[in-house]
Amino acid sequence: MTRNISRRSMLKGTAAVGAAGALPLMPFAAQAAGEILVGGLHDLSGFIDFAGIPMNQIMLMAIEEINAGGGLLGKKVKGIVYDPQTNMSLYSQYATQLALKDKASVVMGGITSASRETIRPILHRYKTLYFYNTLYEGGVCDRNEISLGTTPAQTVEKLVPYTMGLWGKKVYTIAADYNYGQITAAWVKRYVEQNGGEVVATDFFPLDVTNFGSTISKIQSAKPDMVMSVLVGTGHLGFYNQWAAAGMKKEIPIASTTFGAAGAELEILKPEVANGIITSYGYYPSIDSPANNEWVAKVNKRYPEKTPLLSELSAFTWEGMMIWADAVRTAGSLDRMKLIEVMESGKTYTMPSGECSIDPKTHHAIRDVYIADLKDKTYIIKKKFSQVQPADTQLVCDLEKNPNSNKHYEISLK
Amino acid sequence: MDYSLVVAIELLREVAGLILIATGLAIVFGMMRVINIAHGEFIMLGGYTVVLTTKQGVNIWIAILILAPLVVGIFGVVVERLIIRHLYGRIIDSLLATWGLSLFLIGFITVVFGNTVEGVTTPFAAVAIGQYRVSIYTLFLIFAAMAVIASVYLTLRHTKAGLIARATMQNPDMVETLGINSKLVYMATFGVGAAFAGLAGGLLAPISGVVPSMGALLIGKAFITVVTGGTAVVAGTLAASSILGSISQSVTFMFGPVFGDATLLFVALILLRLLPQGITGRIFTRSV
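Protein chains in written order, with my numbering: chain A, 11 to 424; chain B, 3 to 290.
Looking at chain A on its own, in the form it has when it is part of the complex (with noise of 0.2 Å):
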């Protein structure tokens, strides 16, 4: 091995890298013509693989899905895919690659608060369409982003009368310790107080924690009536294998609305830890409609290995790019604000997950919300409650009024 290493070569060297590291913000077309390219950026590595891996999966099914219909336009749509391991500059390097690259025509993805708030205002200002489909705490207002995924106000407001009403109102509540979790707990305080019950303690817990102990014996001495849980994460499962290990399953009962999100937990806990969670979301497998049964029985034919976990952010994937296909179809064109407009129309859209309509004012979906129990590793729906309003983005945002919104606001309910 030479270990000469000239100043000349060792310049030549470096500059080299720093073009290539320059090239992917070349706005160049890469754009094979006759494609539509769809861009997904999903965590396919990193703590959130467990959910970043179905949400890619199903968008490829459903890529497949309209290109066996005969694609768009007379063109066939082409999925573009990164990783962007869990890592929120990787996330806004891919993002910005999608828009001026590949000059994709829609982006799919972003799962935590943080990789979404990463790539939203690069898709805006780059003007390229954007389906966040994962629920979070609410709060994002910005024409270019259409958000499939619940809301506290949709889930939290149906969730916490519901579980009140059958356990009582004394709530305790433990929660992660980031904006989701800080907000999500607000909402909680809140329609426990309106149903004239009571939140006697709110205990909130970094994603790294994994021992429960003391918060076990805290909850033992407050004596509530029941849990409620927003904590998030793989750190936390411990949580729920501790609060049985301590024999707490039959003393007091735990709602979540983050239990089970994305399906992993189902998979990691043992059913005599995870029965007789009740949660809320806007998609559960067990949903009894023929689309949805028609739905699971076409991923299961698609992956019969390695079949995805079926949640609220894998369906709503779905859902985003049937949602995108159809308003590509009505305006006949690929054109960012003809689609838009296709979407604000109203339009109700019949889904696995039951109806759903874009809310003009907020972007985000107007759509059926479930309450189930969960027993031995499925979900029994015990209520439904149809269009649901994001009520809680509607207190910030209108859109009709501000069309050039791009922010999130912090839904203060202090």
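No lab work stands behind these hints, which were simulated from the structure alone. Nothing here was measured: the structure is a model prediction, and the numbers come from that model. Treat the hints loosely; a few may be bogus.
Computed beta-carbon distance windows for the label pairs [said to hold, decoys possible]: (1) Leu7(B) to Asn412(A): 55 to 61 Å; (2) Lys393(A) to Phe268(B): 44 to 50 Å; (3) Leu7(B) to Lys387(A): 23 to 29 Å; (4) Ser102(A) to Gln133(B): 50 to 56 Å; (5) Lys392(A) to Leu141(B): 33 to 39 Å; (6) Leu405(A) to Ala149(B): 55 to 61 Å.
Here are some chain B residues the structure puts well away from chain A; computed CB gaps all over 12 Å [as the list claims (entries may be wrong)]: (7) Arg15; (8) Trp63; (9) Ile85; (10) Gly91; (11) Gly116; (12) Ala152; (13) Ser153; (14) Leu158; (15) Arg159; (16) Gly164; (17) Gln172; (18) Leu180; (19) Thr254; (20) Leu271; (21) Gln279; (22) Arg288.
Yeah, the Cβ is synthetic: ideal placement off N, Cα and C, and Gly gets one too.
Could you slot chain B onto chain A? The hints should help.
Chain B only, in chain A's frame:
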């Protein structure tokens, strides 16, 4: 009354947790002066051993108490032969090498088993204390930590192997002249330290589950405990775990886990300012 008992059990559990994760490191770092940054990953391997073997139908107690320390102990011996033995007396180099090992192990386990949490059900049911319920496994952890400390103490103090190990760490040349192969002693001591890390991982797996990156959360606390404790393996680990664990857990009860962890660091800072050689550098100096 019942509540204070429950709180006391939780304090003891936190102390026990620190003892378990720190004992192996105290042997490797405190006695052998090898900075093993991969100690957290040794713990992780112990956890994975338990999860994978119980999935294959192995009895959970055999998995935790025998297989986890055995597998990680053997792995430790291999690591000692391949890497550590070249680096005795070179603290910074051992730090870098084991850091690399740590990154490798995280990456390797992630590739093989995926970056997701795996769990085993917590054995034992719960026990009622007045109107409170406590997992019996919590009590078992406290008992296990006491057993670990007692076994290390008895071995070092009252067995020939312990005497040889201590002598080798103090003066390997002298031990060699007495006809003992000091290289073997180093290898065995490192293996024992690794085995205790494996045992800790096995014992913690049913509580928090295992994930490839779990070592990173434990390594900091383990080092702080060992450094605060000083060079004496038993007295140092016991004293530092008791002080740090009970104070941080009390604060956790009052103000939540963020403040608990912050207090642990703060107390360690103060202790090291007052006792730069660790607790056993000034007090209990003649203990093991």
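Comparing the hints with the structure gives:
no. : hint                               : verdict
1   : Leu7(B) to Asn412(A): 55 to 61 Å   : holds (59 Å)
2   : Lys393(A) to Phe268(B): 44 to 50 Å : holds (49 Å)
3   : Leu7(B) to Lys387(A): 23 to 29 Å   : violated (37 Å)
4   : Ser102(A) to Gln133(B): 50 to 56 Å : holds (53 Å)
5   : Lys392(A) to Leu141(B): 33 to 39 Å : holds (37 Å)
6   : Leu405(A) to Ala149(B): 55 to 61 Å : holds (58 Å)
7   : Arg15                              : violated (6 Å)
8   : Trp63                              : holds (16 Å)
9   : Ile85                              : holds (24 Å)
10  : Gly91                              : holds (29 Å)
11  : Gly116                             : violated (8 Å)
12  : Ala152                             : holds (23 Å)
13  : Ser153                             : holds (24 Å)
14  : Leu158                             : holds (30 Å)
15  : Arg159                             : holds (32 Å)
16  : Gly164                             : holds (32 Å)
17  : Gln172                             : holds (37 Å)
18  : Leu180                             : holds (46 Å)
19  : Thr254                             : violated (5 Å)
20  : Leu271                             : holds (20 Å)
21  : Gln279                             : holds (30 Å)
22  : Arg288                             : holds (35 Å)
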